[in-house]
Amino acid sequence: MTTFIKQLSANDIGSTGSHQAGILVPKGDPELVGFFGKLDPSHLNPDAWISCVDEELKEWRLRFVYYNNKLHTPGGTRNEYRITHLTKYFKSVNAAHGDSLVFTSSSEPRHFSVRLERSIKPEIHTHRRRVVLTGWRKVH
DNA sequence: AGCCATGCACCG
DNA sequence: CGGTGCATGGCT
1 MTTFIKQLSA
11 NDIGSTGSHQ
21 AGILVPKGDP
31 ELVGFFGKLD
41 PSHLNPDAWI
51 SCVDEELKEW
61 RLRFVYYNNK
71 LHTPGGTRNE
81 YRITHLTKYF
91 KSVNAAHGDS
101 LVFTSSSEPR
111 HFSVRLERSI
121 KPEIHTHRRR
131 VVLTGWRKVH
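Sequential numbering from 1 applies to the first sequence in our numbering.
Bear in mind the hints are in silico, worked out from the structure with no lab data behind them.
On a predicted model such as this, the values are computed, not experimentally measured, just so you know.
Heads up, the beta-carbon is just placed ideally off N, CA and C, and yes, glycines get one too.
Treat the hints with care, as some may be off.
[To be verified] Label pairs and their computed distance ranges (CB to CB):
(1) 38 to 78: 17 to 27 Å
(2) 72 to 49: 33 to 43 Å
(3) 18 to 70: 31 to 41 Å
(4) 56 to 2: 17 to 27 Å
[To be verified] Once the Cα atoms are required to be at most 16 Å apart in a straight line, the calculated EDC-like pairs of lysine to aspartate or glutamate come out as:
(5) 38 to 108
(6) 91 to 47
(7) 88 to 59
(8) 38 to 80
(9) 88 to 54
Produce the complete structure using the sequences and hints provided.
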């Protein structure tokens with residue numbers, strides 16, 4: 001069981017007015033990418049559906065997608081992972097810029113629990129190891 | 001690398 | 001017609 005946390009940007013929750021689909025999943029850490037499932041890079045824009053259960057046991061189906069036209073289309077510029085279909089959830093919990101989205105894996109592949117952590121809360125737990133990537137961190 | 005943005009399609 | 005998501009480019 002592993003937990004990854006993403007601190008939400010303004011664009012993530014849609015407060016910038018953009019209707020971009022989804023939060024970013026940095027491809028820098030293979031473990032983070034593998035955490036959400038395996039997407040075949042040999043295909044163009046492969047995706048997979050994941051299931052996330054919140055604290056009220058409500059299930060949210062999210063789309064994990066790898067925009068990779070840089071690898072397949074001449075002149076393509078995309079090479080990044082995203083998770084989409086989060087707007088309803090963000091609305092329901094009144095997510096704000098700076099809040100953190102907490103994903104915890106389960107025994108089932110592609111099944112996770114999610115919860116929103118308000119930014120006001122101080123960081124405790126010294127045994128947590130902060131990992132590398134901007135916006136995301138892993139919790140052991 | 002990560003966040004910001006947008007033209008178009010689709011749907012209620 | 002307004003909101004949402006897709007797939008893409010742009011800016012720092």
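These are the hints, each one checked on the structure:
Here the CB-CB span from residue 38 to residue 78 is close to 19 Å, well matched to the stated 17 to 27 Å. At roughly 22 Å, the beta-carbon separation of residue 72 and residue 49 lies outside the given 33 to 43 Å, and the hint is violated. Look at residue 18 against residue 70: about 21 Å separates their beta carbons, and that is not inside 31 to 41 Å. Distance hint check for residue 56 and residue 2: the Cβ-Cβ separation is about 23 Å, which falls inside the suggested range of 17 to 27 Å.
In summary, the hint linking residue 38 to residue 108 is supported, as the alpha carbons are separated by about 14 Å, within the 16 Å threshold. Distance restraint check for residue 91 and residue 47: the Cα-Cα separation of roughly 24 Å exceeds the 16 Å cut-off, and the hinted pair is therefore not satisfied. A C-alpha spacing of about 12 Å is found between residue 88 and residue 59, which places the hinted pair at or below 16 Å, so the restraint holds. Using a Cα cut-off of 16 Å, the hinted pair residue 38 and residue 80 holds, with the two alpha carbons roughly 14 Å apart.
Between the alpha carbons of residue 88 and residue 54 the distance comes to roughly 13 Å, so the proposed pair stays at or under 16 Å and holds.
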